[in-house]
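Novice: Using the sequences and the hints, build the whole thing.
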Amino acid sequence: MKLNYKHFNLDDATLFVKKVGKSVVYLVVYVDDLLITGSNDDYIASIKRELKKVFDMTDLGLLHYYLGIEVIQNPKFIFISQKKYIGELLCKFGMQDCNFVSTPMEQNLKISSNEGNTFEDATKYRKLVGSLIYLTTTRPDITFAVGILSRFMHQPCEGHWTTTKRVLKYLRGTQNFGLKYSKVPDFHLNAYSDSDFDRDKEQGCLLQIT
2 MKLNYKHFNL
12 DDATLFVKKV
22 GKSVVYLVVY
32 VDDLLITGSN
42 DDYIASIKRE
52 LKKVFDMTDL
62 GLLHYYLGIE
72 VIQNPKFIFI
82 SQKKYIGELL
92 CKFGMQDCNF
102 VSTPMEQNLK
112 ISSNEGNTFE
122 DATKYRKLVG
132 SLIYLTTTRP
142 DITFAVGILS
152 RFMHQPCEGH
162 WTTTKRVLKY
172 LRGTQNFGLK
182 YSKVPDFHLN
192 AYSDSDFDRD
202 KEQGCLLQIT
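Going by my numbering, the sequence shown opens with residue 2, and the numbers climb by one from there.
Source of the hints: derived by calculation from the structure; they are not laboratory data.
Misleading hints may appear alongside valid ones.
[What the hints assert, rightly or not] Below, simulated DSS-like cross-link-like pairs (lysine-lysine); rule was C-alpha separation at most 25 Å, straight line:
hint : residue 1 : residue 2
1    : K166      : K93
2    : K54       : K19
3    : K184      : K23
4    : K20       : K54
5    : K53       : K20
6    : K128      : K170
7    : K23       : K84
8    : K85       : K111
9    : K166      : K111
10   : K20       : K49
11   : K125      : K181
12   : K170      : K125
13   : K84       : K128
14   : K77       : K170
15   : K84       : K170
16   : K93       : K128
17   : K184      : K20
18   : K93       : K125
19   : K125      : K166
20   : K128      : K77
21   : K125      : K111
22   : K170      : K111
23   : K20       : K84
24   : K49       : K19
25   : K19       : K84
26   : K77       : K184
27   : K166      : K184
28   : K77       : K23
29   : K85       : K170
30   : K170      : K181
31   : K20       : K85
[Stated by the list, open to error] Here are the in silico distance ranges between beta carbons for each label pair:
hint : residue 1 : residue 2 : range
32   : L52       : K93       : 20 to 26 Å
33   : V55       : T137      : 15 to 21 Å
34   : N191      : G22       : 32 to 38 Å
35   : Q176      : K111      : 25 to 31 Å
36   : E159      : V55       : 53 to 59 Å
No residue lacks a Cβ here, since even glycine has one placed at the ideal position from N, Cα and C.
Specialist: Next comes the structure, spelled out in structure tokens:
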């Protein structure tokens, strides 16, 4: 039986899409786990029946947990977070009992490639920063700090490690944070950017806007 799914994006071999008229179904594949969603409940149910004819599979119902992401579904909103993932991350790096801070990075902090002695375990630094990168999936509030810290993965210094641990301290006090998608009419999303090249110690650039 041919399901006639097409790749949604040639750069992502795990995401497929099927459209019929105004109905659309998205299918995400990770090893032996399938995540399916779409615009029409009846159409989703029909796709499940097709899949069961071809594959030996079990329907686990509404999504609650997938690849470290926790999902709360409500008729009025969907809330996603990584509380459990953060808890495991804190334990893994011995920060489960640390004092928490109110921001992921110090205000006006300037970081260069030379921040003290070379950190003794570069692999440990890379693993933590890599974990934090995945955490930005539901925590955009740490994206800036993690982006800065990821610049020094090739040769981290002790100062970089200290700054990275501050992100963990911030996460300990904000484990319940996440993203809430509400059914709000006339929804508008505003984004802001502060391109402060003057404070980039590595590039030494000065941007002047007139």
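Novice: With reference to the structure, classify each hint as holding or not holding.
Specialist: These are the hints, each one checked on the structure:
no. : hint                    : verdict
1   : K166 / K93              : holds (12 Å)
2   : K54 / K19               : holds (17 Å)
3   : K184 / K23              : holds (20 Å)
4   : K20 / K54               : holds (20 Å)
5   : K53 / K20               : holds (19 Å)
6   : K128 / K170             : holds (17 Å)
7   : K23 / K84               : violated (36 Å)
8   : K85 / K111              : violated (31 Å)
9   : K166 / K111             : holds (16 Å)
10  : K20 / K49               : holds (15 Å)
11  : K125 / K181             : violated (32 Å)
12  : K170 / K125             : holds (17 Å)
13  : K84 / K128              : holds (19 Å)
14  : K77 / K170              : violated (32 Å)
15  : K84 / K170              : holds (14 Å)
16  : K93 / K128              : holds (11 Å)
17  : K184 / K20              : holds (23 Å)
18  : K93 / K125              : holds (11 Å)
19  : K125 / K166             : holds (12 Å)
20  : K128 / K77              : violated (37 Å)
21  : K125 / K111             : holds (23 Å)
22  : K170 / K111             : holds (19 Å)
23  : K20 / K84               : violated (34 Å)
24  : K49 / K19               : holds (13 Å)
25  : K19 / K84               : violated (32 Å)
26  : K77 / K184              : holds (6 Å)
27  : K166 / K184             : violated (36 Å)
28  : K77 / K23               : holds (22 Å)
29  : K85 / K170              : holds (16 Å)
30  : K170 / K181             : holds (23 Å)
31  : K20 / K85               : violated (35 Å)
32  : L52 / K93: 20 to 26 Å   : violated (36 Å)
33  : V55 / T137: 15 to 21 Å  : violated (36 Å)
34  : N191 / G22: 32 to 38 Å  : holds (34 Å)
35  : Q176 / K111: 25 to 31 Å : holds (29 Å)
36  : E159 / V55: 53 to 59 Å  : holds (55 Å)
Of the numbered hints given earlier, the model fails hints 7, 8, 11, 14, 20, 23, 25, 27, 31, 32, 33; all others are met.
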